[in-house]
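Chemist: The numbering of the sequence shown is this note's numbering, which starts it at -6 and goes up by one.
Keep in mind that the hints are not guaranteed to be accurate.
[Unchecked claim] With a straight-line Cα cutoff of 30 Å, these simulated DSSO-like cross-link-like pairs (lysine-lysine) come out:
#1 Lys155 x Lys357
#2 Lys331 x Lys320
#3 Lys401 x Lys287
#4 Lys143 x Lys78
#5 Lys160 x Lys84
#6 Lys155 x Lys127
#7 Lys401 x Lys412
#8 Lys238 x Lys320
#9 Lys287 x Lys84
#10 Lys431 x Lys397
#11 Lys431 x Lys242
#12 Lys78 x Lys155
#13 Lys160 x Lys287
Just so you know, these hints were derived from the structure itself, not from any lab.
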Amino acid sequence: MVGKEDYLHPMKKIFTTGWLLAVQLFIVSTATAELRLPAIVSSNMVLQRNTTVEIWGWSDAQSSISIQASWLDQPLTIQSDSEGKWRTSVKTSNSQEPQTLMIRDEDSSILLENILFGEVWLCSGQSNMSMPVKGNSGQPTFRPPLTIAKSANSQLRLFTVKRKGAKTPQSDVEQYEGWAEASPENVPDFSAVAYFFGQQLQEILQVPVGMIHTSWGGSQIQAWMSQEAIQGFQQVNLDTVDISKRTNKIPTTLYNAMIHPLIPFSIRGVLWYQGEGNRFDPASYQSLFPAMVKDWRARWNLGDFPFFYVQIAPYMYGDNEVFQTPKNTAFIREVQMKCLDLIPNSGMAVTLDIGDDYCIHPPKKKEVADRLLFHALHRTYGMNSVDDASPMFESMEAHKNGLKLTFKHAESGLYAFDKLEGFEIAGEDRVFYPANAKIIQREFVHVSSEQVPNPVAVRYAWRNWVKGTLFDTNLLPASSFRTDDWDDATRAGTIE
-6 MVGKEDYLHP
4 MKKIFTTGWL
14 LAVQLFIVST
24 ATAELRLPAI
34 VSSNMVLQRN
44 TTVEIWGWSD
54 AQSSISIQAS
64 WLDQPLTIQS
74 DSEGKWRTSV
84 KTSNSQEPQT
94 LMIRDEDSSI
104 LLENILFGEV
114 WLCSGQSNMS
124 MPVKGNSGQP
134 TFRPPLTIAK
144 SANSQLRLFT
154 VKRKGAKTPQ
164 SDVEQYEGWA
174 EASPENVPDF
184 SAVAYFFGQQ
194 LQEILQVPVG
204 MIHTSWGGSQ
214 IQAWMSQEAI
224 QGFQQVNLDT
234 VDISKRTNKI
244 PTTLYNAMIH
254 PLIPFSIRGV
264 LWYQGEGNRF
274 DPASYQSLFP
284 AMVKDWRARW
294 NLGDFPFFYV
304 QIAPYMYGDN
314 EVFQTPKNTA
324 FIREVQMKCL
334 DLIPNSGMAV
344 TLDIGDDYCI
354 HPPKKKEVAD
364 RLLFHALHRT
374 YGMNSVDDAS
384 PMFESMEAHK
394 NGLKLTFKHA
404 ESGLYAFDKL
414 EGFEIAGEDR
424 VFYPANAKII
434 QREFVHVSSE
444 QVPNPVAVRY
454 AWRNWVKGTL
464 FDTNLLPASS
474 FRTDDWDDAT
484 RAGTIE
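All chains should be built: construct the whole structure from the sequences, respecting the hints.
Modeler: And the structure:
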């Protein structure tokens, strides 16, 4: 059979062959990689102070890379690998002077300026972490005009990773707002929790602070886990999955695009505000959350860096009478509390008093940031006089026709603004009734009910929507809790 090429004019065949050769030469000539850095490594960045940080990027394969840092006496010289990747460790100091980095390969150079050494925190989670300083439409944060007007601060730097998913781990973030000094121009759209934390940390420590924000509203924790971390719980194959839809609920996609590209940029710790996306399966969250934290720490290779998180706030969720099913978010709050014992070097900000019954994004974001900050000051920066731990149920005993409850982390006593509410009590029949509760001797809570003559269990704030009434004397609220582990309890008068 005669092939199509046999009909070509000889001169045409020569032209075609020459054209193909020219294309091949063009491809070879343009295959050289331009010297490039990841988005997170740029001018205006904050490098973690007084430690060893990683600087990395891409160039030609087997290319010589020179790094000249203004704070080092001698330049560093390394070589890229066969794929053009390079990475090196650089020591930082406590200097607060602006620094520069000059990075060169054989053909080009990049100058980074206005670099500071300070404290770097990564902030992630879902919509309550994403909520900006200016608030959402119809959903305010408190005091945004004054906050924004006073926000100019050259010692506070902000970096935002924009929402993006990927099927495989990415080497760089695709969409972002690069490192910039805090100002009235960029603060309004930055995470309110992250901003208030960073602004106050900078003011207290009097050192530069860098805040990296990477979150996505409505996301499930599975989306923030790597393929390796999640494979112990479920098999994930995204080959045929359309990740452009419901991206924030697809396993590994957000880790791949919004966390992996930031590693190994050195950080001091992580702030996390997530859980509502997994509220219907608290038992799984109790395993997934610690596994995610363990995996992130292993990948950053910075040891058990601080991991401080926010317990989800009370909200109506359409039904406030559910009691013994996961539709009652007291169960996910309980799991978040249990994770304190499962995640080393962790702390939890309790928000039982600052929720909003009909707004899933409570406006008191500074109060949330304050409670995260207390953890950092006490546990990370050695300010032992700063109380950071909410009172937590410890034990109970029979006392005067009721039960006397003891709490840890309440060294200076317990407090209520008015009367205690939200307590319920049950006997051996496992039916809970509203209870009278009062603080006795300023350090115990006594709970009783005429309808339960022989009580054996107590629950507090065991509802979707509730307003916390029990505090320590530093006004840190107690979490919702139960003294039982029953899976067949009922509430008097409630049908589920």
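Chemist: Name the hints, by number, that the structure is in violation of.
Modeler: 4, 5, 11
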